[in-house]
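K.L.:
In order, the protein sequence lines correspond to chains P and S.
Using the working numbering, you'd call the opening residue of the first sequence number 1 and step up by one each time.
Using the working numbering, you'd call the opening residue of the second sequence number 1001 and step up by one each time.
Any given hint could turn out to be false.
With a straight-line cut-off of 25 Å between C-alpha atoms, the simulated SDA-like cross-links for lysine to any residue are [claimed, not checked]:
#  : chain 1 : residue 1 : chain 2 : residue 2
1  : S       : K1010     : S       : T1212
2  : P       : K137      : S       : E1315
3  : P       : K22       : P       : G44
4  : S       : K1335     : P       : K137
5  : P       : K149      : S       : S1158
6  : S       : K1084     : P       : E345
7  : P       : K126      : S       : F1310
8  : P       : K168      : P       : E214
9  : S       : K1282     : S       : G1409
10 : P       : K25       : P       : K149
11 : P       : K25       : P       : D279
12 : P       : K357      : S       : S1087
13 : S       : K1036     : S       : K1010
14 : S       : K1170     : P       : E345
15 : P       : K126      : S       : P1309
16 : S       : K1170     : P       : G130
17 : S       : K1020     : S       : Y1246
18 : S       : K1084     : P       : D332
What follows is a list of derived Cβ distance ranges for each label pair [stated by the list, open to error]:
#  : chain 1 : residue 1 : chain 2 : residue 2 : range
19 : P       : K219      : S       : E1115     : 29 to 39 Å
20 : P       : D154      : S       : N1182     : 19 to 29 Å
21 : P       : D154      : S       : N1141     : 47 to 57 Å
22 : S       : G1085     : P       : T83       : 28 to 38 Å
23 : S       : N1104     : P       : E352      : 34 to 44 Å
24 : S       : D1391     : P       : D61       : 23 to 33 Å
25 : S       : G1085     : P       : D152      : 46 to 56 Å
26 : S       : G1085     : P       : T125      : 24 to 34 Å
27 : P       : D152      : S       : S1307     : 37 to 47 Å
Listing some non-contacts, in silico: residues in chain S with all C-beta distances to chain P over 12 Å [claimed, not checked]:
#  : residue
28 : K1013
29 : M1031
30 : E1076
Hint data in this document are derived by calculation from the structure and do not stem from the laboratory.
Since this is a predicted model, take the numbers as computed values, not measurements.
Glycine included, every Cβ here is placed at the ideal spot set by N, Cα and C.
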Amino acid sequence: MMIKDFQERYAKRHELAKGWKKEGKRIFGYFCGYAPEELIDAAGIIPVRILGSLDKVTLADSHLQSFICAFGRSCLDQGLKGTYDYLDGMVTSKTCDIMRNMPGIWSRNIEIPFVGYIGAPAKRTKAARGCLIEEFKVLRSKLEEFIGKSIDDDSINRSIETYNESRKLLKELYEIRGEDNSPLSGSDFYHVVRAGFVTPKKEYNKMLSSLKRELISSKSSRDGKVRFLVSGSTFEDVNILKMIEEAGGSIVADDLCIGSRYFWDLAEPASDPIRSLADRYQMRIACPCKHPSEERMERVLEEVKKYRVEGVISIVQKYCDTHLFEYPYMKDVLQKNDIPFLYLETEDRMGEEGQFKTRVQAFIEMLR
Amino acid sequence: MSDKKPEKKKRLKTAEKLGKLMADYYTESAMVKAQKKPVAWLSSVAPVEVCYTMDVFPIYPENYGTMCAARKLSAEFCAAAEAKGFSTDLCSYALNNLGSIYLNKGPFMGQGLPEPDLLIATEHACLSMAKWWEELSRHFNVPLYIVDAALPVGEGLSRHHINYFAEQLKELMDFVEEHTGNKFDMDKFKEVLGYSDEASRLFLEIGGLRKTVPSPISPIEIFTNMFPIVTLAGKKEAVEFYNELYDEISELAKRKEAAVPNEKYRLLWDLFPIWYNLNLFKYIEEKGGVVVADVYATTFGGRVDISRPFEGLAERYVGNPLLSYGVQQKTELYKQMIKEYHVDGVVFHSNRSCRMASMGQYDVKQGIYEDLGIPGAIFESDFVDPRSYSDEQVKDVLDSFFEILESRG
Ligand code: SF4
Ligand code: SF4
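The following block holds chain S by itself, in its conformation from the complex:
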């Protein structure tokens, strides 16, 4: 979501603005320590709005993992974590992060991330996060709050699932207050939620513009443009940025201008990009395939009902379909997306690092094929750790997939 390398010349006018947002964020992150502003490390799908409400600077080790991967540092970092006893089979976001801490190195001027004063993680995205953050808490000896969700996988949300999460959000505010001295303010909270909701709305609508044939935005552009929704949800800047991006993309959509020339096959992508090889999308594009839909990006945008601030924010996080859907619901969701986005085929990236989201892909693929006749391809890789990546094997899978698509005409 933050790698800029694969695209040399930017097609989108807003790219410059995005570059500036990112640069500002990282400049600030380099200065927060000197400014004595509290720093929290957050896991993905942790409620960043809490940080913006409480004036805490959020850092995302996962986002950082994607950067280390893009800058080809992740192999060294993962190995450093393994040297401490962490199994090579564990999530490489975690290994990369832990390794960079042990080595005290990183992609910014050779340095690691600013050290946390607080740690906030969820356990409902996957259990690895809770365990990884527990390790961070032991390493830095700083307080940790785990936001937990009773996820009714495959069963549908009930009031008590929302209430449990909402209660924890309140506890989390107290936790931050206690450890930083910063006071909670309801008006500020509502303002932050307003921005978060608006940025989400725009981000989801931008994603929706990919229903246009040909798609007005490329997958690399989508993943790159996730940065504000992940990192700046709750900031005015994110809303301003997505407003501009929306205008630009909807203009392209109106003019039927293709983001990728030669759009022959419209593809649904499950789930993570390979962060050290975003060029794989280029390979797909050379074959006439364009990824026009994915759930990975969309799960970071969730609406918030501001009239019930805590419950509303809880719904944004607990309602995330990626997390609470079982195989059947996921299949239904994909089938619906296939229709709406005029999809011809599905590519499943089986990510060795993420058992939670990869498990069940074979059944989803099968279900989609049985019900809609839409073919799928599955390849295995790791999203951050390149050490066992086989470009050849991945391309073999894709090549035969395109043969199937071609034979279908």
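Isolated chain P, as found in the complex:
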């Protein structure tokens, strides 16, 4: 299994999905790493993540103001263009203000038979947990109604196992990436993670296992490269990561939405699988749309230490309120810990590469 297989997987995602449709399978879309995919999977439906694209936005502009992030804009644009016509439904979870409004706009303009919305609490308290459990129960019964049969605990437990397996493998690969002279680069890893959003997890797990086997026996040189942790919101343009690597950097750890934040936490087995899922989605590494925000920073600091990171690069979507709000805080925390920090604000495909490159090069020069 090679990185390009993962890349291909992602490139062909719509084609493949249409193929599953022909086989009579149902497919649901979700936006954020807060949709309980296990429940969808247990209903016999394939969950795929809707992500941005680098294509020119043409239709979304008449629905969204100029001040909406490129990610939200691009997702909606693809929907309007019919790219996601194969979806039988979508499940969104309350995260940022853009995601909160998305299902309403989507379903008004794009035909979709099922919309599930989880009003997820933002806090990590017991009361919040209780509420999230209720929200998951509601989703479960809505799904049951939709498929016309019940979803039993066993099938949810089986899905949890499959998903946990995936996460474990991704964590192992994450570790491999962080090793000295690792054969796995940060941009490669991004491709690996991203392919998982659009591949049924059982198959994906096989891909991950075989990649792991191959990587264990190979090495590559990282001599003279500056070790970075990359943090940030979603972004579509993997070239930003490639460019960091080409400029002499090496990405050894991350705090990314399309990265460790998505897969880091496993669901602990419990007698009640809904409770186990609620635990997992509530207590996963918080994206900045959750409260409080200290834990995310603490984890960043831990990763910096563990992987001997020499600098942090933050890549954030313009107009992404929650990430932007936490930027001065992050800068402050890193400064206090003497960790050099570079901040890049992206609008995906806005021709920002040249400008980024100069700044990344200067940053690397400074660190060498």
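We have chain P already, so just place chain S with the ligands on it with the hints.
P.N.:
Leaving out everything else, chain S with the ligands in the frame of chain P:
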């Protein structure tokens, strides 16, 4: 909601009383520190009733933002926050507030707000609030309580949404007790809720009087008169004030006395006023347009079922349609208001600071037009930060909108 400038001579008799309520509040706010009374900074749609129950003085940085804007200080303050690394694209209520703190300046005798002992914010109005208050908590190094809501956007409220909020209200009482030493008292709580509910009832009824043609109250008057419902919900003074205001406005309505002469087109306004340019309403009025309905003001008034104090108060906040409605529900709500208020057109203020409430406006506009044939206009601006405001562009949008209204006769 607190700017008095645009109207020189007050039409309403109650205006004097409102002026006094505001002056009293700000005088008190200048003295609370000396009196050693605990001060809490609250985000909008945070449960102020908790403060009045627990004898804590509430301060609203957002309300203050509207004042800084009206007194033309917001540009300087926003820039000061940007200098600290906060993006210019963030909410200008927040930038204005943070900037004024960093500069330690404000519209009252040049001073900033009395520093908080406690911070209380919601995250369900928008996520920026939680993040902004987190920053305040780090800056002042004082405890923060975030009231969170599991909002079922577009799905309708269930018991567990109310329960979650209600449980937090209880936690919040404990939090205040712990940090101030003031004790919770159920009777006091019920008394406060009684006043809050009554003020809400009256405020909503006053809004309802705008269904009368011609409208007996102007939009500037409505926004100005929000001060008590936002700041004093739970105080007897708010109830007394709205009783008088109700009497005055309903008298005007009975006599069919127009708040604005030449009411030709009745308009629905979405959502925020431009706080540094309330005169835009005057421009609209010169064209024969009068804003007779809005959801912004109404969302601050929500009824409370006092027999179930915590759940009742939770319902007041979680049930807020602005927060839990998706595009479709919002369209339906507006359609209903258009009928009830005899509205001829809708003006959407796309507020760059507020992605949460502005997102979806194009679809709401479209939906209203498709279903009722009522036209809408959308213009973009920022409600507090005037730095990129283009009066010309806004007026262009409005001018062509009035041409459409005229052509429809
Ligand atoms: S950063 Fe958070 S809100 Fe944004 S897409 Fe990722 S999970 Fe969703
Ligand atoms: S980039 Fe930011 S604003 Fe946009 S969807 Fe993701 S978290 Fe929300």
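K.L.:
Hey, is S:E1076 genuinely clear of chain P, shortest beta carbon separation above 12 Å?
P.N.:
holds (19 Å)
K.L.:
Per the hint of 34 to 44 Å, is the separation of the Cβ atoms of S:N1104 and P:E352 within bounds?
P.N.:
Roughly 37 Å apart at Cβ, these two residues keep to the hinted range, so it holds.
K.L.:
Is the distance from the Cβ of S:G1085 to the Cβ of P:T125 consistent with 24 to 34 Å?
P.N.:
For P:T125 against S:G1085, whose Cβ atoms are near 30 Å apart, the range 24 to 34 Å holds.
K.L.:
Are the Cα atoms of P:K149 and S:S1158 separated by 25 Å or less?
P.N.:
Holds, at roughly 24 Å.
K.L.:
Within 19 to 29 Å or not, the Cβ separation of P:D154 and S:N1182?
P.N.:
violated (52 Å)
K.L.:
What's the verdict on P:K126 and S:F1310, does the C-alpha distance respect the 25 Å limit or exceed it?
P.N.:
Distance of about 18 Å is within 25 Å: holds.
K.L.:
Taking only the CA atoms, is the gap from S:K1335 to P:K137 under or equal to 25 Å?
P.N.:
Status violated; Cα separation ~33 Å.
K.L.:
Taking 37 to 47 Å as the stated bounds, is the beta-carbon spacing between P:D152 and S:S1307 within them?
P.N.:
holds (41 Å)
K.L.:
Does the Cβ distance between S:D1391 and P:D61 fall inside 23 to 33 Å?
P.N.:
holds (24 Å)
K.L.:
P:K22 and P:G44: Cα distance at most 25 Å?
P.N.:
holds (15 Å)
K.L.:
Straight-line Cα separation of P:K25 and P:K149 no greater than 25 Å?
P.N.:
holds (15 Å)
K.L.:
Within a Cα-Cα threshold of 25 Å, do S:K1170 and P:G130 meet the stated pairing?
P.N.:
holds (15 Å)
In summary, the numbered hints that this structure violates are 4, 11, 13, 14, 19, 20.
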